[in-house]
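**Q** Below, each chain spelled out in residue letters.
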Amino acid sequence: MRLMGKLAEAVRLLACLFLVAISVHIVSVLSVPSLSHADAFSLVSRLGPELRLLPLDGHETLLDGMEDPDIAASVCSFDLAAGPVKLTLPAGADGFSSIALHQEGGGAFFALSNSAAEKGRIEVVALTPAQAADRAADDDPDNPSGEVRAVSSRTRGFAVFRALALFPSQRQAAKALIAGARCQHVE
Amino acid sequence: MLRILSILVVLFGGAAVGLRSAELALDRNVSGDLVRAGAWEMRVSESLVSADPYAQAERARSGVIPLASGEGFTLTARHDSQGRRLNGRCAYSVSGATPAARFWSLTLFDEGGHLVANAAQRQGFTSTELSRDAKGGFAINVGSQVMPGDWLPAPPAGFVLLLRLYDTPIGTGVSVTPEQVPAITRLACA
Numbered sequence: 000m001r002l003m004g005k006l007a008e009a010v011r012l013l014a015c016l017f018l019v020a021i022s023v024h025i026v027s028v029l030s031v032p033s034l035s036h037a038d039a040f041s042l043v044s045r046l047g048p049e050l051r052l053l054p055l056d057g058h059e060t061l062l063d064g065m066e067d068p069d070i071a072a073s074v075c076s077f078d079l080a081a082g083p084v085k086l087t088l089p090a091g092a093d094g095f096s097s098i099a100l101h102q103e104g105g106g107a108f109f110a111l112s113n114s115a116a117e118k119g120r121i122e123v124v125a126l127t128p129a130q131a132a133d134r135a136a137d138d139d140p141d142n143p144s145g146e147v148r149a150v151s152s153r154t155r156g157f158a159v160f161r162a163l164a165l166f167p168s169q170r171q172a173a174k175a176l177i178a179g180a181r182c183q184h185v186e
Numbered sequence: 000m001l002r003i004l005s006i007l008v009v010l011f012g013g014a015a016v017g018l019r020s021a022e023l024a025l026d027r028n029v030s031g032d033l034v035r036a037g038a039w040e041m042r043v044s045e046s047l048v049s050a051d052p053y054a055q056a057e058r059a060r061s062g063v064i065p066l067a068s069g070e071g072f073t074l075t076a077r078h079d080s081q082g083r084r085l086n087g088r089c090a091y092s093v094s095g096a097t098p099a100a101r102f103w104s105l106t107l108f109d110e111g112g113h114l115v116a117n118a119a120q121r122q123g124f125t126s127t128e129l130s131r132d133a134k135g136g137f138a139i140n141v142g143s144q145v146m147p148g149d150w151l152p153a154p155p156a157g158f159v160l161l162l163r164l165y166d167t168p169i170g171t172g173v174s175v176t177p178e179q180v181p182a183i184t185r186l187a188c189a
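Those protein sequence lines, which keep their order, are chains G and H. Residue 186, in numbering that gives the first Met the number 0, is where the first sequence stops; the numbers in between run on with no holes. Residue 189, in numbering that gives the first Met the number 0, is where the second sequence stops; the numbers in between run on with no holes.
None of these hints come from the bench; they were simulated from the model. Using N, Cα and C, we set each Cβ at its ideal position, and we do this for glycine too. Just so you know, not all the hints are guaranteed correct.
[To be verified] Label-pair distances were calculated between CB atoms; the ranges are: (1) R35(H) - D137(G): 42 to 52 angstroms; (2) L46(G) - L129(H): 32 to 42 angstroms; (3) H184(G) - N28(H): 35 to 45 angstroms; (4) A156(H) - R11(G): 51 to 61 angstroms; (5) L129(H) - A172(G): 19 to 29 angstroms; (6) A156(H) - D133(G): 54 to 64 angstroms; (7) V147(G) - R35(H): 34 to 44 angstroms; (8) L4(H) - G82(G): 51 to 61 angstroms; (9) F166(G) - G135(H): 16 to 26 angstroms; (10) P128(G) - A99(H): 32 to 42 angstroms.
[What the hints assert, rightly or not] No farther apart than 25 angstroms at their CA atoms in a straight line, the calculated lysine to any residue pairs in the SDA-like style are these: (11) K134(H) - G148(H); (12) K134(H) - Q179(H); (13) K85(G) - D56(G); (14) K5(G) - V19(G); (15) K174(G) - L42(G); (16) K85(G) - A115(G); (17) K174(G) - E128(H); (18) K5(G) - G13(H); (19) K174(G) - F108(H); (20) K85(G) - G69(H); (21) K174(G) - H113(H); (22) K5(G) - L4(H); (23) K174(G) - V48(H); (24) K174(G) - V63(H); (25) K5(G) - V16(H); (26) K174(G) - Q120(H); (27) K5(G) - I3(H); (28) K174(G) - K134(H); (29) K174(G) - Q179(H); (30) K134(H) - A36(H); (31) K5(G) - L7(H); (32) K85(G) - V19(G); (33) K118(G) - R101(H); (34) K85(G) - V48(H); (35) K5(G) - L1(H); (36) K174(G) - G119(G); (37) K85(G) - V63(H); (38) K174(G) - L4(H); (39) K85(G) - V185(G); (40) K174(G) - R121(H).
Could you build all of it, start to finish, from the sequences and the hints given here?
**A** The structure is reproduced here in structure tokens:
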């Protein structure tokens with residue numbers, strides 16, 4: 000009887016240990032994105048001030064893990080609390096270039112490639128849901144702006160501009176194209 | 000006294016097991032978004048805001064900026080089509096189909112994730128610079144010894160191939176089948 004009691008106590012302790020382990024496991028995994036200082040947003044923010052276009056030369060491993068030598072890329076971070084931000088990349092329909100918008104905490108909330116380029120550029124306005132509602136209310140239904148809008152659930156984020164050099168001889172041209180990108184606040 | 004000791008064991012032991020298991024889970028990429036097709040593996044929800052918690056944690060620790068859905072998609076090969084680890088002491092042919100994409104590039108890295116310097120100054124190919132057969136097919140030869148045709152030099156050690164698809168429907172709910180990805184065929188080993 001005494002042995003059974005000790006066994007039951009041991010099983011109870013093991014079950015408690017298991018429950019504590021599961022709880023700690025779940026809390027640790029869920030808290031990594033908010034606690035990490037090695038996430039992409041933190042790294043991009045440390046490269047330079049908001050809205051400044053920063054070429055990723057020497058920081059290519061920030062991209063998708065291992066650099067593509069045929070890709071030229073630059074980034075700019077933004078804070079939508081100060082107003083919507085317009086991201087522009089002068090790009091024709093030839094070759095490949097793109098704008099991707101990532102939010103703090105991870106994840107891309109919008110991306111556009113040059114297959115959707117108009118008037119020699121790709122352009123997108125990043126906004127918060129409230130700013131998007133204000134902008135939609137100001138829209139003239141008879142004269143739509145044609146503006147591409149991307150709504151983010153977080154105020155802070157960053158844009159990545161990429162251009163692919165189809166041949167090694169085009170790498171400088173891809174870098175020049177990326178250098179023409181702009182990040183600016185708009186009304 | 001025994002009671003207090005038991006509570007301490009449960010709390011500290013449980014916390015240690017929980018932390019260690021979380022670390023192991025992230026190190027071993029247990030997130031459910033890893034999908035395999037032929038020799039290639041891919042993270043289907045890597046760039047999504049709504050990625051599963053393990054994928055979000057792995058992303059936050061790695062600091063990488065994955066290609067976004069609508070921008071492109073990355074496939075990785077560490078093994079040949081027969082499941083043998085890629086090694087530059089052997090020669091390989093990468094050929095066959097590629098998933099629908101406006102452009103793609105194939106790049107070679109060492110197992111540490113670094114580009115490999117070589118006399119040919121060749122670390123990869125884009126889809127536009129390959130020689131094609133009459134049906135539009137391609138064959139990239141990979142190995143540490145000079146090979147005819149489109150040759151991608153490899154180090155005489157383990158290596159990794161990355162296939163990046165630019166402007167592709169893959170990643171927006173479109174899956175990849177083994178028939179849609181290039182086969183990696185081992186030719187001969189030194």
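**Q** Give me the numbers of the hints this structure contradicts, sorted from smallest to largest.
**A** 23, 28, 29, 32 and 38
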